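From just these sequences and the hints, can you work out the full model?
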Amino acid sequence: MKIVHSPVKQIIELENHIFLLKIHSPEIANSIKPGQFLNIKVSDNIYPLLRRPFSVCDVEGENIFLMFNIFGEGTKILAHKKIGDDVDILGPLGNGFNFEDDFDTAIIVAGGLGVAPFPFLNRYLKDKEIYSFIGGRSSKDVITYKIINPEISTDDGSLGFRGTVVELLAQNLHRINNRKVKIFACGPNAMLRALRELCLEKNLLCEASTECAMACGFGICQGCPIESSNNPDKYLLVCKDGPVFNISEVII
Amino acid sequence: MSSVDFKVEIGGLKLRSPILLASGTVGYGHEIAEFINMNSLGGIVTKSISLKPRKGNPPQRIVETPAGMLNAIGLANVGVEEFIKEKIPFLKKYDVPVICNIAASSVEEYVECTRLLDYEESIKAFEINVSCPNVKEGGLQFGNDLKSVGIVTNKVRAVTKKPLIIKLSPNVSNISDFAQIVKDEGGDAVSAINTLVGTAFNIFTRKPKIKNVNGGLSGPAIKPIALAKVFEIKRKVEIPIIGIGGIMDWKDVVEFMIAGASAIQLGTVNFINPIAADQIKKDLEEYCVSNKIQKISELTGSYILE
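Protein chains in written order, with this note's numbering: chain A, 1 to 252; chain B, 1001 to 1306.
It is possible that part of the hints are untrue.
What the hints assert, rightly or not - Covered by chain A, per the in silico footprint, the following chain B stretches (three or more residues, Cβ under 8 Å): (1) 1152–1163; (2) 1224–1235; (3) 1249–1260.
What the hints assert, rightly or not - Calculated pairs, DSSO-like style, for lysine-lysine (alpha carbon to alpha carbon, straight line, at most 27 Å): (4) Lys1251(B) - Lys1282(B); (5) Lys1007(B) - Lys1052(B); (6) Lys1014(B) - Lys1124(B); (7) Lys1209(B) - Lys2(A); (8) Lys1251(B) - Lys2(A); (9) Lys1092(B) - Lys1282(B); (10) Lys1282(B) - Lys1093(B); (11) Lys1161(B) - Lys234(A); (12) Lys1282(B) - Lys234(A); (13) Lys234(A) - Lys1085(B); (14) Lys2(A) - Lys1093(B); (15) Lys1207(B) - Lys76(A); (16) Lys1282(B) - Lys2(A); (17) Lys234(A) - Lys1014(B); (18) Lys1007(B) - Lys1161(B); (19) Lys33(A) - Lys22(A); (20) Lys140(A) - Lys81(A); (21) Lys1092(B) - Lys1162(B); (22) Lys33(A) - Lys128(A); (23) Lys1251(B) - Lys1236(B); (24) Lys1092(B) - Lys1007(B); (25) Lys1209(B) - Lys234(A); (26) Lys1052(B) - Lys1124(B); (27) Lys140(A) - Lys22(A); (28) Lys1055(B) - Lys1085(B); (29) Lys76(A) - Lys1209(B); (30) Lys234(A) - Lys1251(B); (31) Lys1136(B) - Lys234(A); (32) Lys1183(B) - Lys1007(B); (33) Lys2(A) - Lys128(A); (34) Lys234(A) - Lys1055(B).
Because the hints were derived from the structure by calculation, they are not lab data.
Note that this is a predicted model, so its numbers are computed, not measured.
Where a beta carbon is used, it is the ideal one built from N, C-alpha and C, also for glycine.
Next up, the structure:
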């Protein structure tokens, strides 16, 4: 965990107003694990005041990639960075995915921009079979950048399966019978809630990357609580105890 | 070695630097210790401690607002017992004065907390958070009621000889009346200010952005208010003041000291720039050297009114 100032190398606009920011940051590239995040100060003044959390989409050599859409003022400023501009990065933060336990098949479940951490994770899953289930409200919300074997769902049926990504996954579970499966998920809370139910019912091992409004990103503001399944008297913190949790251990 | 004398004194509390870290913005020191030199801080004010652990409020607890942020953490904390067992041993590893901030829902709880913690040698002073609902008075905040602030100060004073600081609420008409009662009831200093009550709505869902509806506003947005409050106290009451409210850099520190603060606390800035305390100290030294200020305490209340 450190603060580094790293220059923008490239700004890539994918389709549907999704941006990829390539930043030359050897300090972060050499230390970050898939699922960990960065808290970024997008301006050098007090507007916006707080850092903004981003997961790392991918790492290539000494470069890191951030994936985002223009959602608010922070991401607007980030999208308008010029090559060579400094990015003020605090990271790596939080706990990433654990991909060292016993499984032979990885299932990626992501909704919308929830695909962001998976290109990087995929690099660590080279010896596994990977299936990906990617959802969005409509075809323009479906992102499949560097996603392996994607099966698509949309709420409005404009692309792929009509319904939620968790419904799509449930329909396909028979395909992975007799395999040692681990699910890696990231997406809106409604998706994670449904996925959690499915995983508990079918006894599936699943790690989910969660999200919450936060200020500091490293535990001092206490701004990002998440309910723990094991201890109802104490919240966990998304930034420090997560953002990746075993999905059975949190109540989303 | 710096040629500037950074030592300050606040109601009997001698500190090597006027730069303190504010309650609720650095937990119990674990995380911030990775970024700054704890051993050069003036002091660290702990997250509010209550008698029993508190879970705190459900999310969303935080939202950014123009030049500021609202928070409603709900005094989430580990409680006195775990604080003594788990947190104090960590803080003892450093040479940093610990100011223990106390929150409570009744006068008796303030007293009991202080009494239990008074034995801890590493706690050099108490800061009482009076911006808590008084359960026995129908949830009215202690800090908004002159009489309650007087009673809390008086009763806590009776159980500790350590410097007693009351952290004042800005959500009152005349903050100097509160500083006066703190002084009258035996308090040694005041911290000014705690957060201002604020809220924010989502214009699409029409729901409050913070689950608790109201939150405490902090950050640069509140600095002018905090300065006015510090200045008001300085002019009307003879009591040491610890200035708090939106300090982002050394210039803000100087401004607070000129307005009347003997020391300051860094709060929201820790979330954004966790190395702020070290940077500000270095910058302050440069300011003092180039302005021929030998003792930083000379700045306190050095305003000039035409």
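Comparing the hints with the structure gives:
no.: 1; hint: 1152–1163; in the structure: violated (count 0)
no.: 2; hint: 1224–1235; in the structure: violated (count 0)
no.: 3; hint: 1249–1260; in the structure: violated (count 0)
no.: 4; hint: Lys1251(B) - Lys1282(B); in the structure: 12 Å, holds
no.: 5; hint: Lys1007(B) - Lys1052(B); in the structure: 36 Å, violated
no.: 6; hint: Lys1014(B) - Lys1124(B); in the structure: 9 Å, holds
no.: 7; hint: Lys1209(B) - Lys2(A); in the structure: 30 Å, violated
no.: 8; hint: Lys1251(B) - Lys2(A); in the structure: 25 Å, holds
no.: 9; hint: Lys1092(B) - Lys1282(B); in the structure: 25 Å, holds
no.: 10; hint: Lys1282(B) - Lys1093(B); in the structure: 24 Å, holds
no.: 11; hint: Lys1161(B) - Lys234(A); in the structure: 34 Å, violated
no.: 12; hint: Lys1282(B) - Lys234(A); in the structure: 39 Å, violated
no.: 13; hint: Lys234(A) - Lys1085(B); in the structure: 18 Å, holds
no.: 14; hint: Lys2(A) - Lys1093(B); in the structure: 22 Å, holds
no.: 15; hint: Lys1207(B) - Lys76(A); in the structure: 25 Å, holds
no.: 16; hint: Lys1282(B) - Lys2(A); in the structure: 20 Å, holds
no.: 17; hint: Lys234(A) - Lys1014(B); in the structure: 37 Å, violated
no.: 18; hint: Lys1007(B) - Lys1161(B); in the structure: 22 Å, holds
no.: 19; hint: Lys33(A) - Lys22(A); in the structure: 17 Å, holds
no.: 20; hint: Lys140(A) - Lys81(A); in the structure: 24 Å, holds
no.: 21; hint: Lys1092(B) - Lys1162(B); in the structure: 18 Å, holds
no.: 22; hint: Lys33(A) - Lys128(A); in the structure: 18 Å, holds
no.: 23; hint: Lys1251(B) - Lys1236(B); in the structure: 25 Å, holds
no.: 24; hint: Lys1092(B) - Lys1007(B); in the structure: 21 Å, holds
no.: 25; hint: Lys1209(B) - Lys234(A); in the structure: 23 Å, holds
no.: 26; hint: Lys1052(B) - Lys1124(B); in the structure: 22 Å, holds
no.: 27; hint: Lys140(A) - Lys22(A); in the structure: 23 Å, holds
no.: 28; hint: Lys1055(B) - Lys1085(B); in the structure: 18 Å, holds
no.: 29; hint: Lys76(A) - Lys1209(B); in the structure: 21 Å, holds
no.: 30; hint: Lys234(A) - Lys1251(B); in the structure: 39 Å, violated
no.: 31; hint: Lys1136(B) - Lys234(A); in the structure: 25 Å, holds
no.: 32; hint: Lys1183(B) - Lys1007(B); in the structure: 23 Å, holds
no.: 33; hint: Lys2(A) - Lys128(A); in the structure: 32 Å, violated
no.: 34; hint: Lys234(A) - Lys1055(B); in the structure: 5 Å, holds
Consistency with the previously given hints fails for numbers 1, 2, 3, 5, 7, 11, 12, 17, 30 and 33, ordered from lowest to highest.
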